[in-house]
Amino acid sequence: MRWETRLLGMVTAVLVVFGIAATYGAASLVTLQGQNAGFGFALRQLSGAALGGILLLLASRLDYHRWRQFAWPLLFLTLVLLLIPLLPFTLAIAPPVNGARRWVDLGLFNFQPSELARMVVVIWCAMLASKKGLQVREFKKGVLPFMVILGLVSVLILLEPNLSMATLVALLGGLVLFTSGAKIGHFLLLGGGGMILVFHQIRDAQYRLARLVTFMNPGDATTDAGFQIKQSLVGIGSGQLFGVGFGEGQQKLGYLPYAYSDFLFSTIGEEWG
24 MRWETRLLGM VTAVLVVFGI AATYGAASLV TLQGQNAGFG FALRQLSGAA
74 LGGILLLLAS RLDYHRWRQF AWPLLFLTLV LLLIPLLPFT LAIAPPVNGA
124 RRWVDLGLFN FQPSELARMV VVIWCAMLAS KKGLQVREFK KGVLPFMVIL
174 GLVSVLILLE PNLSMATLVA LLGGLVLFTS GAKIGHFLLL GGGGMILVFH
224 QIRDAQYRLA RLVTFMNPGD ATTDAGFQIK QSLVGIGSGQ LFGVGFGEGQ
274 QKLGYLPYAY SDFLFSTIGE EWG
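With our numbering applied, the sequence shown corresponds to residues 24 to 296, in that order.
No lab work stands behind these hints: they were computed from the structure. Don't be surprised by glycine CBs; every beta carbon is placed ideally from N, CA and C. Check each hint, because a few of them may be wrong.
Cβ pair distances, simulated, as ranges [unchecked claim]: (1) K253 <-> R29: 38 to 46 Å; (2) L194 <-> T28: 37 to 45 Å; (3) A123 <-> V171: 36 to 44 Å; (4) Y230 <-> F265: 34 to 42 Å; (5) A36 <-> R226: 42 to 50 Å; (6) L264 <-> V103: 29 to 37 Å.
Once the Cα atoms are required to be at most 25 Å apart in a straight line, the calculated DMTMM-like pairs of lysine to aspartate or glutamate come out as [as the list claims (entries may be wrong)]: (7) K253 <-> E271; (8) K206 <-> E271; (9) K155 <-> D227; (10) K253 <-> D285; (11) K154 <-> D227.
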């Protein structure tokens, strides 16, 4: 094994361990409230990391050329999984969380199909771009097939609803297409249409518009809308240069909502600097 590979593995392992420790420390209030008693929260994260490590080892031993054989089956599987949260009779395994149905409960763990879609879209687009060759510079034979599949996947994710993930998936597919040699003019056309679609999605959903306004001007936003961002900035500022020490942060103790997930960076900044 080359030293670069060993170094990459070591760095990955260190980041995973640090992430588990930081997540568990940030969830201390949730643990104290009994929602994830004892080491349950850390054990769940550790189990996910172990499963990911096994899949990483298996994938690393597979010749990357063989991924082309799995591109279409993986895409079909992803589309089926993306449909599950949208069906009315799947509420038992895909209940709404904060107004959105993005997760599938598999018993031992929850699974977000759109996360799989990110990887599968890259694999499928790379396969098709390799197959198309110079045809990717044509619109009808090159760009249009990508648009159909990327549009289908993005729409299914958008219906959850999850605008940010749908946009990310479309951008990932577009990036693969761009590096394959597609024309700039096609991207300008598609990018303009995509921006118009995103604008309408933000305008038609008040919570998205409120988030955008809060993100652009957190200090000018209303108390409720800007509360989470303001509290995250308080946490980062409290840590100063060297942090207050691991496990000693105060913002995670009920001041900063979702300190163990969406705003974990603030907790890390407060405790580690």
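Here is what the structure says about each hint:
1. Between K253 and R29, the C-beta spacing of about 43 Å keeps the proposed range 38 to 46 Å intact.
2. The hinted range of 37 to 45 Å is not satisfied by L194 and T28, whose Cβ atoms lie roughly 29 Å apart.
3. The hint said 36 to 44 Å for the Cβ distance between A123 and V171, and at roughly 25 Å that hint is violated.
4. Checked against the hint of 34 to 42 Å, the pair Y230 and F265 passes, with Cβ atoms roughly 37 Å apart.
5. Range check, A36 to R226: Cβ separation about 44 Å, and the 42 to 50 Å hint holds.
6. One distance hint, 29 to 37 Å for the beta-carbon pair L264 and V103, is violated here, with the actual separation near 50 Å.
7. For the given pair, K253 sits about 20 Å from E271 by alpha-carbon distance, which is consistent with the 25 Å threshold.
8. Under the criterion of a C-alpha separation no larger than 25 Å, the hint pairing K206 with E271 is inconsistent with the structure, at around 53 Å.
9. Between the alpha carbons of K155 and D227 the distance comes to roughly 38 Å, so the proposed pair goes past 25 Å and is violated.
10. Distance check on the hinted pair: K253 and D285 sit about 14 Å apart at the alpha-carbon level, within 25 Å; holds.
11. Simply put, K154 and D227 have alpha-carbon atoms about 39 Å apart, too far for the 25 Å limit, and the pair is violated.
Hint check: violations occur at hints 2, 3, 6, 8, 9, 11; the rest are consistent with the structure.
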